[in-house]
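Trainee: Starting from the given sequences, assemble the full structure and let the hints guide the process.
Residue numbers (the working numbering), protein chains in the order written: chain A, 31 to 438; chain B, 575 to 1023.
Read the hints as simulated data drawn from the structure, not as lab findings. You may find that some hints are simply not true.
Stated by the list, open to error - A short, non-exhaustive set of chain B residues, derived as facing chain A with CB atoms under 8 angstroms:
1) 647
2) 651
3) 761
4) 857
5) 949
Just so you know, even glycine gets a beta-carbon here, dropped at the ideal spot from N, CA and C.
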Amino acid sequence: MAPLGFEPTPPNEDPLDSHLNIEPLIVNMGPSHPATHGTVRLRVALHGENIQDCDVEIGFLHRGFQKSCENVTWAQCLPYTDRLNYVSPMMNNFGFLSAVEKLLGLDIPERAKYIRVIGAELHRIHDHLTATAATSMEIGGFAVFLYAVEARELIMERVTELTGARLTTSYGRIGGLNRDLPEGWKDKVLQTLERIHLVANEVDGLLTRNRIFMDRMVGTGYLSLEDALDFGFTGPCLRASGMALDIRKAHPYWAYPHLDFDVPVFHACDNFDRYRVRMVEIHQSLRLIRQALEKLPDGPVLIDDWRFALPPQEAVLNTIEGTMAHFKLIMEGVQVPAGEVYHSTESANGELGWYLRSDGSGRPYKVHIRAPGFQLLSALSKMVKGKLLSDLIPTFDTINMVGGEVEQ
Amino acid sequence: MRRLTITVAFLTIFASLFGGMAAAYALGGYLESVWYTGASALSNLVILMLVFVMVIATLLTLAERKWSALMQNRVGPNRARIHLPGLSSRSLAGIPHIIADVVKMLTKESFTPKAANRFFYALAPILSFAPIFALFAIVPAGPTLPVFGHEVAMVVANPSFGLLYLFALASLAVFGTVLAGWASNNKFSLLGGIRACAQMISYEIALGLSLVGLMMAFASIQLAGDSGMMEQQAQYLWGIQLDGFDVGIPAWGILIQPVGFLLFFAAAFAETRRTPFDMTECESEIIGYFVEYSGMRFGMFMVAEFVEMIVFSAILTTLFLGGYHLPFGGQWFANLAFFKDYPWVYGATMGMVFWLKVLVLIYIQMNIRWTYVRFRYDQIQKLGWKILIPLGILNIFVTGALLLMDTSMRSLGLLGILEILLILILISSSPKSSLHKPIGQNEALPSHH
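Mentor: As structure tokens, then:
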């Protein structure tokens, strides 16, 4: 592309009548640009400050997730799922496990279902706080970013106590969970929830009625409900477009049928409503975790079926059956019957779907993810076309695509 | 312990401001007596502009980090240490960071892109720094007093065209920004430069219009001097004497022209190009007009921003907050017997008052900068053209009409106080967000769908 400038007048045109040949200014935002976190390249054609065209290019974070999964046992896929949506890894863990369990026809213990809800909702808050924080930071509100990150840090600490890692949780096993809640964890979580509540209110106080913030967010990044459905929007972005679709309600799983929560819906289809949906969902998640902790039943967290779940160490060391089961599970993997399954859970950004195919061996034949961010990102170009360059930033933030899951 | 630290810190600030001003008076008097009449302008140039403005600008780089840290629940800068016995375990309130910053700026490679226009690329930082710095020349920092038998004025220059100098130089600074954006031959910086240009054009007008009311009220455009805009703020709109102690409502610019104050504050804030008006920088979007600059050239842009903040605060103080005058008791204070013998003590105290007002204004600007998010390119223009400029014109008409009826500025003062009350009521009556949930009540959603 030639740089901005005057093109020579074509010879057959009268120089007095000729028009200025205006060429768009092509700006590369990313792959390493402060706003395109998740390593995306946005090729933007500008006419002045207006976006004529926006070409979204992914692939800078591609790690061959699907192919890697085909080479390891079903259980060994789990650590890969941590790295998909690196803002809410536990949701990926549990989503994948649920899909495998569906293929196996397993039902997991009641206590494990509740703990999965608690972990997933903690990470939903984590994800929403991150999205809101990033949105605010990128339009200049650094204070909100630090407040939200402080609350996020508390969740990280709880997650670390639960799983032993901040990000690479790998929590859960086929048929339940790998370990129970640590001692005294429940009370710490309740205290954390109080703190998050305060932070959510503080963020709300700084942003929701802030005139400049509203000017930046209201009406920008508009995508009609019809278009949103065509693009395959799910999650907070769809709920901000006026559709109350939440898989936790539509196809209840784990302990969600026993818990009481509301699905927020807003109708303006813009960035502001995406922000508001997230803020309300934080409060709903707090409510869910409190209920789940209250109703948490006693009992095992892992099924006692050695075909799918590892036997306790006692049994492995002392009984031949235990040793054999352990050996088979580790060396050959869980024997998943041949077939295919699609299972989806409501992750922080929308429907996290898993298409799994098994050929009856211990390794997956195919693992495909329907990552919510992919559909959202594909609509970005349409959402910003004709708008100002400054609108691109909050729009990119409120759809909250996560590079890891989009590119797998 | 905490209280003690705060007290000591504040006393240090008071003392250093007082000391600086006393030195300015002493040096001015000395130069007047040994050299020629009017030589104190030179000492003012050195002490007020070089020492005061530059030292405060340097300290502001630290203050900005520290204050933003206070607002954001952080500790703030504390990692840079001086490796000397006894000092290596102390953070010294972050002061070593200033040294580290300076060393970094000076020793970094001063990079020039290959395709940049080398001359303009090098010129831009100077162009954006110098005019702002020169602006301070017309700001009086203290009263004119006899020192060593010579009259010493605490101002570098007192031209009769005072405010015109301000407008002329303030609009020059944008050349630096635009040139930096264009000469670096980078698309992002070009966008920043164009934005700066558009922003400056719209806010320059508002900046000028906001002061017209004040010029009419004081019938002067000179800042210092006996009939200057600042001296006139020493009088009272309504004042009484209580045993020689004078109290009342002073004729400060902010009371007779609150709209003018707000407009000038907004326009000056826009001129400093800091959040929420940092369209030219937008670090998450176009990274800024200085994206290609490094080393001390970038440092010039950064320091220019801080100097701009100080200079505009000083001008705001001079025009709207009574300069170095006290809100009440000014005449009583000036007539104290002690000051008859030691006029320089009076001058230094008044100078301290002036700088404290400047610091308060800077603090307010920092608070705004770290609280708000930034405007969009078109919104910033809308604010300038559709709100600030019409309001400025309206303010001129209202001020003119009131002055025609009553030249004593009392009716202006009355209107001003009413306006301030109205603004306070508007601020306190703004509705709360519906997303806000009291603790323990994040239960069912309100059914408003």
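Trainee: The structure should be examined with respect to each hint, and the outcome stated for every one.
Mentor: Structure-based check of all given hints:
With its C-beta approaching chain A no nearer than about 6 angstroms, residue 647 (chain B) sits inside the 8 angstroms limit, and its interface hint holds. Interface hint status for residue 651 (chain B): violated, as the beta-carbon distance to the closest one in chain A is roughly 15 angstroms, over 8 angstroms. Taken as an interface hint, residue 761 (chain B) checks out: its beta carbon lies about 5 angstroms from the nearest beta carbon of chain A, inside 8 angstroms. Using the Cβ-Cβ criterion of 8 angstroms, the hint placing residue 857 (chain B) at the interface with chain A is satisfied: the shortest such distance is roughly 6 angstroms.
The beta carbon of residue 949 (chain B) comes within 6 angstroms of a beta carbon in chain A, closer than 8 angstroms, and the hint placing it at the interface holds.
Checked against the numbered hints above, the structure breaks only hint 2 and satisfies the rest.
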